[in-house]
Amino acid sequence: MPEQDKYSWPAPEERTYVGRRMGRVDGMPKSTGHAKYTYDYNPKGLLYGAFARCPYAHARIKSIDTSAAESMPGVKAIEIVQGPGKEIHWAGDEIVAIAAVDEPTVRDAVRAVKVEYEQLPHLVLDSKEPPHDIPPDTSPLSLADLEDMFSNQVPANQMIKDIKERGISFKPQEAPLDRMPPNIADAIKAAPQKPPENKPPSWYKPAAAETQGDPDAAFKASDVVVSEGLYGIPVITHCCLESHGAVSEWTDNDHLLVHASTQFVSGIPGQMSEEVGIPAANIRSVQENIGGGFGSKFAPDRWGIYSAKLSKKAGGAPVKMMLSRAEELEVAGARPSAYARVRVAAKKDGTLTAWDSFGWGTGGPGGGGSPPIPYLIRDRVPNYRTQWTAVVNNIGPARAWRAPNHPQACLITMAALDDLAHKLGMNPLDFLKKNIELTGPRANIYMDEFPIADELMDWSKRWHPRGDTTPGPIKRGLGLSIHTWGGRGHQSECDLTIQPDGSVTIKMGTQDLGTGTRTAILAVAADTLGLSPQQITLLYGDTRYPMSGGSGGSTTIGGVSSTTRRAAVDARDALFAKVAPALGGTPDQLEAVKGQIRVKGNPSKALAWKDACAKIGAVPINAHGKNLGGRDPLMNSGVGGVQMADVSVDTETGIVKINKMVAVQDCGLIVSLETAESQCYGALIMGISYALYEEKVMDPATGRMLNPNMEFYRLAGIGDIGELVVHMMVNKYDSRGVIGLGEPPVISPGAAISNAVANAIGVRVPFLPLTPQRVLAALEESQKGAAA
Amino acid sequence: MSKKDDRSSNLSRRDFLKISGIAASVPLVAGPAVIEVEGQEVAIHGPGAVPVTLIVNGKKYTEKIEPRVTLLDALREHLDVTGPKRVCDRAECGACTVLMDNRAVYSCTTLAIEAQGKQIVTAEGLGGGTQPHAVQAAFVNNDAQQCGFCTPGFTVATKAFLDKHPHAGGPEVAHGIGGNLCRCGTYRGIQGVVAQMTRREPKGNAGTTMIAERIAKGGANA
Chain A
11 MPEQDKYSWP
21 APEERTYVGR
31 RMGRVDGMPK
41 STGHAKYTYD
51 YNPKGLLYGA
61 FARCPYAHAR
71 IKSIDTSAAE
81 SMPGVKAIEI
91 VQGPGKEIHW
101 AGDEIVAIAA
111 VDEPTVRDAV
121 RAVKVEYEQL
131 PHLVLDSKEP
141 PHDIPPDTSP
151 LSLADLEDMF
161 SNQVPANQMI
171 KDIKERGISF
181 KPQEAPLDRM
191 PPNIADAIKA
201 APQKPPENKP
211 PSWYKPAAAE
221 TQGDPDAAFK
231 ASDVVVSEGL
241 YGIPVITHCC
251 LESHGAVSEW
261 TDNDHLLVHA
271 STQFVSGIPG
281 QMSEEVGIPA
291 ANIRSVQENI
301 GGGFGSKFAP
311 DRWGIYSAKL
321 SKKAGGAPVK
331 MMLSRAEELE
341 VAGARPSAYA
351 RVRVAAKKDG
361 TLTAWDSFGW
371 GTGGPGGGGS
381 PPIPYLIRDR
391 VPNYRTQWTA
401 VVNNIGPARA
411 WRAPNHPQAC
421 LITMAALDDL
431 AHKLGMNPLD
441 FLKKNIELTG
451 PRANIYMDEF
461 PIADELMDWS
471 KRWHPRGDTT
481 PGPIKRGLGL
491 SIHTWGGRGH
501 QSECDLTIQP
511 DGSVTIKMGT
521 QDLGTGTRTA
531 ILAVAADTLG
541 LSPQQITLLY
551 GDTRYPMSGG
561 SGGSTTIGGV
571 SSTTRRAAVD
581 ARDALFAKVA
591 PALGGTPDQL
601 EAVKGQIRVK
611 GNPSKALAWK
621 DACAKIGAVP
631 INAHGKNLGG
641 RDPLMNSGVG
651 GVQMADVSVD
661 TETGIVKINK
671 MVAVQDCGLI
681 VSLETAESQC
691 YGALIMGISY
701 ALYEEKVMDP
711 ATGRMLNPNM
721 EFYRLAGIGD
731 IGELVVHMMV
741 NKYDSRGVIG
751 LGEPPVISPG
761 AAISNAVANA
771 IGVRVPFLPL
781 TPQRVLAALE
791 ESQKGAAA
Chain B
1416 MSKKDDRSSN
1426 LSRRDFLKIS
1436 GIAASVPLVA
1446 GPAVIEVEGQ
1456 EVAIHGPGAV
1466 PVTLIVNGKK
1476 YTEKIEPRVT
1486 LLDALREHLD
1496 VTGPKRVCDR
1506 AECGACTVLM
1516 DNRAVYSCTT
1526 LAIEAQGKQI
1536 VTAEGLGGGT
1546 QPHAVQAAFV
1556 NNDAQQCGFC
1566 TPGFTVATKA
1576 FLDKHPHAGG
1586 PEVAHGIGGN
1596 LCRCGTYRGI
1606 QGVVAQMTRR
1616 EPKGNAGTTM
1626 IAERIAKGGA
1636 NA
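Those protein sequences? They're chains A and B, same order as listed.
The first sequence begins at 11 in my numbering and counts up by one.
The second sequence begins at 1416 in my numbering and counts up by one.
Hints are computed from structural coordinates only; laboratory data are not their basis.
Remember, it's a predicted structure, so these values are computed and weren't measured experimentally.
Accuracy of the hints is not assured; some may be wrong.
As the list claims (entries may be wrong) - List of simulated lysine-lysine pairs, DSSO-like, C-alpha gap at most 27 Å:
no. : chain 1 : residue 1 : chain 2 : residue 2
1   : B       : K1479     : A       : K46
2   : B       : K1579     : A       : K46
3   : B       : K1475     : A       : K54
4   : A       : K230      : A       : K46
5   : B       : K1479     : A       : K54
6   : A       : K667      : A       : K485
7   : A       : K54       : B       : K1579
8   : A       : K174      : A       : K138
9   : A       : K636      : A       : K443
10  : A       : K46       : B       : K1475
11  : A       : K471      : A       : K667
12  : A       : K636      : A       : K588
Unchecked claim - Negatives, chain A to chain B, calculated, CB over 10 Å:
no. : residue
13  : R390
14  : M457
15  : L549
16  : E721
Every residue gets a Cβ at the ideal spot worked out from N, C-alpha and C, and that includes glycine.
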């Protein structure tokens, strides 16, 4: 039997838990408040840590005086994070770390730190269109440039591209190559060496335009309709309810125990060892539960590192450093903004022919990534030109935010296409169907999903051309968007042990972000062993267990489910070998179902699970599960989803209200149906939140965030969500294997809602969030246009 | 408990902030000093730690706590009762919600010293004993949680709301538990919790019959 068959997913009729609504296994401890999070970890002798932070968006440190803080009773340790001479690029950056006996004392001590700064000019706004004529920076990279790229978290692939294309003005051996990711070190070693160039500082980093076909000719063609528009989405924050933070303690001189609020339990030691000065093997990372991450919690960060350094200074006592709400919103992660001026053309029958866009956005000092514009159709639309200018400013550092760059690219693309459909006089659903081949490999999935979404929203019956003509100030409209995401499972390992008494344990160093990871692991193991999930103990969230990848990029479900399946099949087969003689069959004739090991087709020849396990002997069965990474047939990549929004807009107040949203979502083989649906509902709600309310509002005068709290950084509440309908494509694409789901459904809501508002009021509100002010401004603008 | 102590338990955070400047000039005394502010007598606690007695989930605790410490921080850091979460710390999100004499309050904006003598119930004690409360079971049934960080506060707020509005629906729900926020987006599940709970009378069999009749008549809110 080929290996692939042995491990392949059981058919739907052979599953009891996989793909069904089995209930969240960790639901009760969460509901009753017993579930423990990093923030809740209160070991004996706990000290509290906090940072003195820079109040300026751009400054140079002149001097630091910690003497007053040092002499305060209760202060146990002080560390300078960034010293005199250091240039600071955002307000709220960490300067001094302090640990004290309790939180009131440490906050008092932070206030007592005196830092003198030289203020430097700052930029915190980003929505103004940059000049189009700045040439791309092609000068060779200096060591300082490289350091900036690292400290500003420029994505590795972008760094490698820059290193390769621009070359370097230093010798590779001058760079700390051994501390870098190997692929970046290799790029530096291979990079052309050039003499350094003096370059004036600039707020803008334009990338070279990317072009396909002949866009200029395509726009000039006589038989095309051209639509032009401006679209955008500002910087928003992650606003994890459990703020970022960690508790570190030295269990002896050489061993560190870290409780970090993290999306990557297994990866914490490797990211801390250099800074803390001990081998990664001596660092244990533990986490039971995490109160939200959304892409912002992969690194130990300064709070992780400095909780360990302060602990060391304080004789090993545990130090808790959790960010306050204001700190969380100011410095612990933001999603880059994206704005674009777009021209798009189609033939009169709706065939899309050309795209041209000039885009810009910021991820803070690093400039931020470049969204994949035009979204979904890039490389397949026959003629396009797309330009991107990164705005380098002092808004604070960006982090991956659930489906990085995709919601931005989706809004810009889907809104531009929606405007074009309007100009063509087409129903946008018909327009997307007409051009669906341009979306590439997922075209068939969208075509399967469209009629379902249509029916659930009653789109075809209810859609009207742009501008609700019913009398009165309340206008209603429908909008639509589609999206995709990769989501191939990450590398993951686990140990599955069957004891002679029948008890079963799985150990895996993964984490459950609330996506239902624990539930999914147990569903797979239970179905494979013919047990119920309650009969299996899952130990996770500890570097003492086999490593599992970080929970980002929607990679967890593929990683943990394939790994669990492989371990459970191997353990089950080992058990079959032990039991076969007693059942008078060969191992390959046996099956594990309903708490029994029995001969296939002969249910009378069966042993109860416990009796079967009694045949194991003294040495338990242990199977190590390890998925095959990218080539594992149990998992796959690339999902398709369709979303529709139904909104009402009060044209007198500008208030947008969600009436209903529909999400139709594929993720290949669904492992845990109920928690998968919850992911989609949650994504719709998060999408409503960023479409209508969320924005990191910066003050151009002081360079600080104006709304670092939950009153003015508004999240959607229970009264804001309307009716939500989720349809998962159950059992439709099982043959593709398991594909990640966490990110895809949060990509479309902004576009679908923006399109619905345009459909309701007859004009495009260019930028999210669709606040009353922006809606009224767009209406006023259109009336001016009409009057002129 | 003395009359002065009674008065001290009515001290709100705002009053406290208003008078804290004065408090600094008052010499340290064994018990709370009393000064007059805007014609009213106000007890001055601290500024150092003072003994604070709290009744939490039926259990009495006495701890030395600074008067500026909130009920939330006293619960979490002094008593290790960590169901109530600190998220906004400014009465904006509801993650810290506890019952104080059966009223839902934001423990992040209640001082520990003013919670003395009151019955404090957190998510851990909502069921009254070892069993979870029916509302908490309904949170599980409706998968009204993801990361779970807002959930303990939500269960307490929902319970308090349903006690007052056992037949609530629609806008009442949005308003009644709109003071709690979730980042993962679990509101649809929470709507399910309310729907489930309002269809079932909380006490006894008579309620079950009543509900059955109501459903037969055509709807939970009939």
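Against the structure, the hints:
1. This hinted pair checks out: B/K1479 and A/K46 have alpha carbons roughly 25 Å apart, not beyond 27 Å.
2. Under the criterion of a C-alpha separation no larger than 27 Å, the hint pairing B/K1579 with A/K46 is inconsistent with the structure, at around 30 Å.
3. Note on B/K1475 and A/K54: the hinted pairing holds, with a Cα-Cα distance of about 21 Å set against a maximum of 27 Å.
4. Simply put, A/K230 and A/K46 have alpha-carbon atoms about 63 Å apart, too far for the 27 Å limit, and the pair is violated.
5. Proximity of B/K1479 to A/K54 is assessed by CA-CA distance (about 17 Å); at most 27 Å being required, the pair is judged to hold.
6. Under the criterion of a C-alpha separation no larger than 27 Å, the hint pairing A/K667 with A/K485 is consistent with the structure, at around 10 Å.
7. At most 27 Å may separate the alpha-carbon atoms for a hinted pair to count; A/K54 and B/K1579 exceed this at roughly 40 Å.
8. At most 27 Å may separate the alpha-carbon atoms for a hinted pair to count; A/K174 and A/K138 exceed this at roughly 31 Å.
9. Taking the CA atoms of A/K636 and A/K443, the gap is near 41 Å; set against the 27 Å cutoff, the hint is violated.
10. Only pairs whose Cα atoms come within 27 Å are accepted, and A/K46 paired with B/K1475 is accepted, the gap being roughly 23 Å.
11. Among the hinted pairs, A/K471 with A/K667 is consistent with the structure: their alpha-carbon atoms are about 21 Å apart, no more than 27 Å.
12. Using a Cα cut-off of 27 Å, the hinted pair A/K636 and A/K588 holds, with the two alpha carbons roughly 23 Å apart.
13. Consistency note on A/R390: stated as away from chain B, and its beta-carbon is indeed over 10 Å from all of that chain's, at 33 Å minimum.
14. Listed as a non-interface residue, A/M457 keeps its Cβ farther than 10 Å from every Cβ of chain B; the least gap is roughly 28 Å.
15. With a cut of 10 Å on Cβ distances, A/L549 stays outside the contact zone with chain B, its closest approach being about 19 Å.
16. For A/E721, the requirement that its beta carbon stay farther than 10 Å from each beta carbon of chain B is not met, with the minimum near 5 Å.
Violated hints, in rising order: 2, 4, 7, 8, 9 and 16; the structure is consistent with all others.
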